[in-house]
Amino acid sequence: MIQLQDITKVYPMGKRELTVLRGINLNIAKGELVAIMGPSGSGKSTVLNLIGCLDIPTSGSYYLEGREVSRLSSGELATIRSQRIGFVFQTFNLLPRLSALANVELGLRYAGGVDRKRALEALARVGLSDRGSHRPGELSGGEQQRVAIARALVKNPPLILADEPTGNLDSRSGAEIISILTSLHDEQGITLVMITHDATIAHYCQRIIHLRDGQVERQEKV
Amino acid sequence: MKKWLEPFSTAWVGVVTHKLRSSLTILGIVIGVAAVITLMSIGKGASAAILSRIESMGSDLITIQPGAFTFGGVRSAAGSVQSLTQEDAAAIAERVAYIDRIAPTYSTSLQVVVGDENMNAQVTGVTTDYRDIEKLEIASGAFFSDYEYQRGAKVVVLGSEVKETLFGDADPIGQQMRMGTNVVRVIGVLESKEGFMGFSPDESILTPLTAMQQMVAQPKTNKGERIVSSVVLTVSDEKQTEYVVNEITSLLRERHRLGPSADDDFRITSIQEISETVTEATGTMTLLLGAIAAISLLVGGIGVMNIMLVSVLERTREIGIRKALGAKERDIWVQFLIEAAFLTFAGGIIGVIVGWVVSYIISSMGLVTTIVSADIVILAVSVSVGIGLFFGFYPAWNASRLNPIEALRFE
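As they're listed, the protein sequences go chains D and E.
Heads up: the first sequence at position 79 corresponds to 84 in our numbering, and the numbers run straight through without jumps.
Heads up: the second sequence at position 117 corresponds to 130 in our numbering, and the numbers run straight through without jumps.
Bound conformation, chain D alone (with noise of 0.2 Å):
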């Protein structure tokens, strides 16, 4: 599913380059759950940024579903996002002045188009078929997160890429939302990679992959 060789990426800080990626070699499987640890500055976001088409690698290629995608055009890899894969983010990134239904359909908006029957699916699968009409501002952390869900699931993508997609809730909500997460990669084979910095939750996946400064240091089998 996911095939990254000798990845590097380098931002131009000013007149220094910041080089966070130094050569990642990475394979991931069609529907597995992977878990990315390591500490802040490691290049965990970047990692997933690049796996998620939202950015390119310096050097070194990147294998999508087999596809060539690391010097794809800006609108190529939007068209990749908008088919295959969808984001679960820390902060939720809903928009505040949309129902949470409306939210919903954003993910449908640039994936073919909106169908509220499939958006109204999507809530019912994370349980907030009665929440709607809410805005997220109505609805709890938790919920919002669920919502967020609820909109990267809506295009049934086969990637669901999550940055730290408890950091923000309470433990009792974060593990709804990994309870979420682990049952759509069990019912739907849907392949997961997630950041996160609790080893708990870590402990879900199938597989841990540690990063430090910028390589992969050590990967565990659960």
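Hints are computed from structural coordinates only; laboratory data are not their basis.
Just so you know, these numbers come straight off a predicted model, no measurement behind them.
Each residue gets a CB set at the ideal place from its N, CA and C atoms; glycine is no exception.
Don't take each hint at face value.
[Unchecked claim] Which chain E residues stay away from chain D? Per the calculated CB distances, all over 10 Å, these: (1) I67; (2) S72; (3) A104; (4) V109; (5) D142; (6) Q188; (7) S205; (8) G237; (9) L311; (10) I362; (11) V394.
[What the hints assert, rightly or not] So the derived list for chain E, only partly shown, Cβ under 8 Å to chain D, looks like this: (12) E19; (13) T30; (14) G272; (15) P273; (16) E331; (17) I334; (18) K336; (19) A337; (20) L338; (21) K341; (22) D344; (23) I418; (24) L421.
[What the hints assert, rightly or not] According to the in silico footprint, chain E covers these stretches of chain D (three or more CB under 8 Å from chain E): (25) 50-62; (26) 80-87; (27) 101-115.
Since the structure of chain D is provided, determine the placement of chain E on it from the hints.
Structure of chain E alone, referenced to chain D:
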């Protein structure tokens, strides 16, 4: 939902979720468009009013006056050069084509007395055709007949103001009055009418030219031709006005023996020429008014750009989210451009309505007549949408170029 409708619904949501900001932006455009509509309608109305007054003289009318004459300046020497004669009029009638009717006139100022009332009035000797040429209507009584003209009957037709001064509410028909050293009989009163080229029908007394010649000594040129104050004529085909003017000019120059370098000693004025000049002048005025109003529309447009730039900045995170969800650059700029165009289109429509209402109020207060024409409305609305697209483009393009990762990190 239809797929092509989605950008519009997205833009609509963007507009209605920021109601106050959207309304203020729209207001800027409303003021601009309303100003354009109102000022242009005033300009158009004023020019139509002037034109209709001129046209009421008859667009087929041509007036010839003696003396040098500068249009728009001072009528420097009109009458001072006594060059135009009754024989000129006869020659024109004979030799120039497309002339319908032609009438020489001779005016002089005479003291008029009726009972205790007396006034100094402009008395004009005319032919029977004069009434048709100047399109004079008779309010009461009658104009003099060919018979009265031929025998030089001392009869007069009074302008409405003259009648008012001399007779008040009394019926003047059949009454005698003293005019200079003669006694004349009133046979008719003219309807009130706008004047033109120094001739004001309301303040005139008309009498047969033949009678005039008996009452006052009509001066003659050294060739013995009878000098007249003016020659008025109508053309049978308005399209030939220019031809007729040119023909008369060369004929009179020849008759007056003017060398090639000499100025005309007469002045020919056609209503058509005047209305063309006026149309041009009022068109310029209307355009000027519109240009002034367009400045406020421009300011409104800059307001749109300002708001859209703020909107893009404020919604950086939204743009990041949309990009993460797979929005292409095109999706983003189309969204913001439609938003801008929507704001200005709404502003344009409301502005047209406001401008229309204001024009109507101005009209009904009787200040000036206003005309709201379709071309102004279409122009104002399309210009306002154009302004939205023009001033919305830069912010929209900025938005589309945002890096999704940085946009998502934006606080």
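Outcome of the hint check:
1. A cut-off of 10 Å between C-beta atoms confirms that I67 of chain E is not in contact with chain D; the least separation is 60 Å.
2. Separation of S72 of chain E from chain D is adequate, the least Cβ-Cβ distance of about 63 Å exceeding the 10 Å criterion.
3. Residue placement check: A104 of chain E keeps its beta carbon more than 10 Å from all beta carbons of chain D (closest about 84 Å).
4. Even its closest Cβ contact with chain D, about 76 Å, leaves V109 of chain E beyond 10 Å, as expected for a residue assigned away from the interface.
5. Under the 10 Å C-beta cut-off, the non-interface status given to D142 of chain E relative to chain D holds; the minimum distance is some 80 Å.
6. Once the 10 Å rule is applied to beta carbons, Q188 of chain E is consistent with being away from chain D; the minimum gap is 86 Å.
7. Every CB of chain D lies more than 10 Å from the CB of S205 of chain E, the least distance being 67 Å, so the non-interface label holds.
8. G237 of chain E, annotated as away from the interface, keeps every beta carbon of chain D farther than 10 Å; the closest lies near 96 Å.
9. Every CB of chain D is more than 10 Å from the CB of L311 of chain E (nearest about 31 Å), matching its label as outside the interface.
10. With 10 Å as the threshold on Cβ separation, the claim that I362 of chain E sits away from chain D holds: the shortest Cβ distance comes to roughly 25 Å.
11. At roughly 29 Å from the closest C-beta of chain D, the C-beta of V394 of chain E stays outside 10 Å, upholding its exclusion from the interface.
12. At a threshold of 8 Å, the smallest CB-CB gap from E19 of chain E to chain D is about 6 Å, leaving the interface hint in force.
13. Of the supplied interface hints, the one on T30 of chain E holds, with its beta-carbon coming within about 4 Å of a beta-carbon of chain D, less than 8 Å.
14. Annotation: interface hint on G272 of chain E violated; nearest CB of chain D at approximately 80 Å, more than 8 Å.
15. Given hint, P273 of chain E at the interface with chain D, is violated; its Cβ is 76 Å from that chain's nearest Cβ, farther than 8 Å.
16. Interface restraint check for E331 of chain E: the shortest CB-CB distance to chain D comes to about 6 Å, inside 8 Å, so the restraint holds.
17. At a threshold of 8 Å, the smallest CB-CB gap from I334 of chain E to chain D is about 5 Å, leaving the interface hint in force.
18. Checking K336 of chain E against chain D: minimum C-beta separation of about 7 Å stays under 8 Å; hint holds.
19. Checking A337 of chain E against chain D by beta carbon gives a least distance of about 5 Å; that is within 8 Å, so the hint holds.
20. Interface restraint check for L338 of chain E: the shortest CB-CB distance to chain D comes to about 5 Å, inside 8 Å, so the restraint holds.
21. The interface hint given for K341 of chain E is met, as the beta carbon of that residue sits about 4 Å from the closest beta carbon of chain D, less than 8 Å.
22. This hint holds: D344 of chain E has a C-beta 6 Å from the nearest C-beta of chain D, less than the 8 Å allowed.
23. Nearest Cβ of chain D to the Cβ of I418 of chain E: about 5 Å, under the 8 Å cut. The hint holds.
24. Given hint, L421 of chain E at the interface with chain D, holds; its Cβ is 7 Å from that chain's nearest Cβ, closer than 8 Å.
25. For the region 50-62 of chain D, the proposed coverage by chain E is satisfied: 4 residues have a C-beta within less than 8 Å of a C-beta in that chain, meeting the threshold of three.
26. For a cut-off of 8 Å, the count of residues in the region 80-87 of chain D with a CB near a CB of chain E stands at 6, and the three-residue condition holds.
27. With 7 residues bearing a CB less than 8 Å from a CB of chain E, the region 101-115 of chain D meets the requirement of three and the coverage assertion stands.
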